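Chemist: Generate the whole structure from the sequences, applying the supplied hints.
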Amino acid sequence: DTEVTQTPKHLVMGMTNKKSLKCEQHMGHRAMYWYKQKAKKPPELMFVYSYEKLSINESVPSRFSPECPNSSLLNLHLHALQPEDSALYLCASSHFRRGSSTDTQYFGPGTRLTVL
Amino acid sequence: AQSVTQPDIHITVSEGASLELRCNYSYGATPYLFWYVQSPGQGLQLLLKYFSGDTLVQGIKGFEAEFKRSQSSFNLRKPSVHWSDAAEYFCAVGPPSGGSYIPTFGRGTSLIVHP
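Protein chains in written order, with my numbering: chain A, 18 to 133; chain B, 1219 to 1333.
Any given hint could turn out to be false.
In silico BS3-like cross-links for lysine-lysine, where the CA-CA straight-line distance does not exceed 25 Å [to be verified]:
#, chain 1, residue 1, chain 2, residue 2
1, A, K35, A, K53
2, A, K70, A, K35
3, A, K57, A, K70
4, A, K36, A, K55
5, B, K1267, A, K53
6, B, K1279, A, K39
7, A, K39, A, K70
8, A, K26, A, K55
9, B, K1267, B, K1279
10, A, K57, B, K1267
11, A, K58, A, K70
12, A, K58, A, K26
13, A, K70, A, K36
14, B, K1286, A, K53
15, B, K1286, A, K55
Which chain B residues stay away from chain A? Per the calculated CB distances, all over 12 Å, these [as the list claims (entries may be wrong)]:
#, residue
16, S1232
17, E1238
18, R1240
19, K1267
20, K1286
21, S1288
22, S1290
23, S1291
24, R1295
25, S1298
26, S1302
27, S1328
Because the hints were derived from the structure by calculation, they are not lab data. Bear in mind the structure is a predicted one, so any value in this text is a computation, not a measurement. Glycine is no exception: its CB is placed at the ideal position from the N, C-alpha and C atoms.
Modeler: Below, the structure is given as structure tokens:
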């Protein structure tokens, strides 16, 4: 099974709201990723967790707050977002190889976020 | 650092015609290579990958890709396109060792299929 699930599928929020995106995988992957994707563009890396620890933060604004409560779950907490944050948010997971070699990323279906 | 180029922003083909999507990479050694497909509003689905071995790689949905070291290319092919193949296609490259394990994505090629 190579499934990554994400909830919710769609989210509309105001600029003062607090919401969370959720991602789950049961492939035993120890690397999990958040990407932001605008229309007709490639995914942009936001955060990477390896072994439940934040290993990469691509200078993302603090209104995005990631959390990895266990090896299967990844959350993205949202607060005081701006309209330009509207995008497709993708979660991915992969094996984490010692020696820093790439492994195959498996993506979830994404959450379509609209900020009003 | 690795980089990947998809020279074609859009490709238009007729249903039943053959398809080739181009991908060129820049890396000091042989990288790991991936092709993903994304239908509108969906996540990225892995079509195929190359790590080592046979340079002609078979993937899902009837796609194949050929790794050509001399041309630094990993082009995606399909002999007969179906209307359902209309989507965005992303090539990605990642280091096999000793560097950032995060793959780099190309800008994508949008495939349009005419009936």
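Chemist: Now tell me, hint by hint, if it's right for this structure.
Modeler: Structure-based check of all given hints:
For the suggested pair A/K35 and A/K53, the alpha carbons sit about 18 Å apart, so the restraint of at most 25 Å is met. Distance restraint check for A/K70 and A/K35: the Cα-Cα separation of roughly 23 Å lies within the 25 Å cut-off, and the hinted pair is therefore satisfied. This hinted pair does not check out: A/K57 and A/K70 have alpha carbons roughly 31 Å apart, beyond 25 Å. For the hint pairing A/K36 with A/K55, the CA-to-CA distance comes to about 20 Å; that is within 25 Å, so the pair holds.
Only pairs whose Cα atoms come within 25 Å are accepted, and B/K1267 paired with A/K53 is accepted, the gap being roughly 23 Å. Of the supplied pair hints, the one linking B/K1279 and A/K39 is violated, its CA atoms being roughly 29 Å apart against a limit of 25 Å. Straight-line distance between C-alpha atoms of A/K39 and A/K70 comes to about 17 Å, which keeps the hinted pair within the 25 Å bound. For the hint linking A/K26 to A/K55, the alpha-carbon distance of about 16 Å falls within 25 Å, and the restraint holds.
At most 25 Å may separate the alpha-carbon atoms for a hinted pair to count; B/K1267 and B/K1279 meet this at roughly 14 Å. Distance hint between A/K57 and B/K1267 is fulfilled; the C-alpha atoms sit about 22 Å from each other, no more than 25 Å. Distance hint between A/K58 and A/K70 is unfulfilled; the C-alpha atoms sit about 28 Å from each other, more than 25 Å. Distance restraint check for A/K58 and A/K26: the Cα-Cα separation of roughly 19 Å lies within the 25 Å cut-off, and the hinted pair is therefore satisfied.
Distance hint between A/K70 and A/K36 is fulfilled; the C-alpha atoms sit about 22 Å from each other, no more than 25 Å. With a CA separation close to 31 Å, the supplied pair B/K1286 and A/K53 exceeds the 25 Å bound. Distance hint between B/K1286 and A/K55 is unfulfilled; the C-alpha atoms sit about 31 Å from each other, more than 25 Å. Distance to chain A confirms B/S1232 as a non-interface residue, since its nearest Cβ pair spans about 23 Å, more than 12 Å.
Non-interface call for B/E1238 relative to chain A: holds, since the shortest CB-CB distance, roughly 20 Å, exceeds 12 Å. For B/R1240, the condition that its CB be more than 12 Å from all CB atoms of chain A holds, with the nearest at approximately 16 Å. Against chain A, the non-interface label of B/K1267 is violated: not every CB pair exceeds 12 Å, the least being about 6 Å. Look at B/K1286: its CB is around 20 Å from the nearest CB on chain A, clear of 12 Å, so calling it non-interface holds up.
Every C-beta of chain A lies more than 12 Å from that of B/S1288, the closest at about 22 Å, which supports listing it as non-interface. The beta carbon of B/S1290 is kept farther than 12 Å from every beta carbon of chain A, the shortest such distance being approximately 17 Å. With a minimum CB-CB distance of about 18 Å to chain A, B/S1291 clears the 12 Å threshold, and the non-interface call stands. With a cut of 12 Å on Cβ distances, B/R1295 stays outside the contact zone with chain A, its closest approach being about 20 Å.
Once the 12 Å rule is applied to beta carbons, B/S1298 is consistent with being away from chain A; the minimum gap is 26 Å. Listed as outside the interface, B/S1302 is consistent with that label: its C-beta sits roughly 17 Å from the nearest C-beta of chain A, beyond the 12 Å cut-off. With a minimum CB-CB distance of about 7 Å to chain A, B/S1328 fails to clear the 12 Å threshold, and the non-interface call is violated.
Violated hints, in rising order: 3, 6, 11, 14, 15, 19, 27; the structure is consistent with all others.
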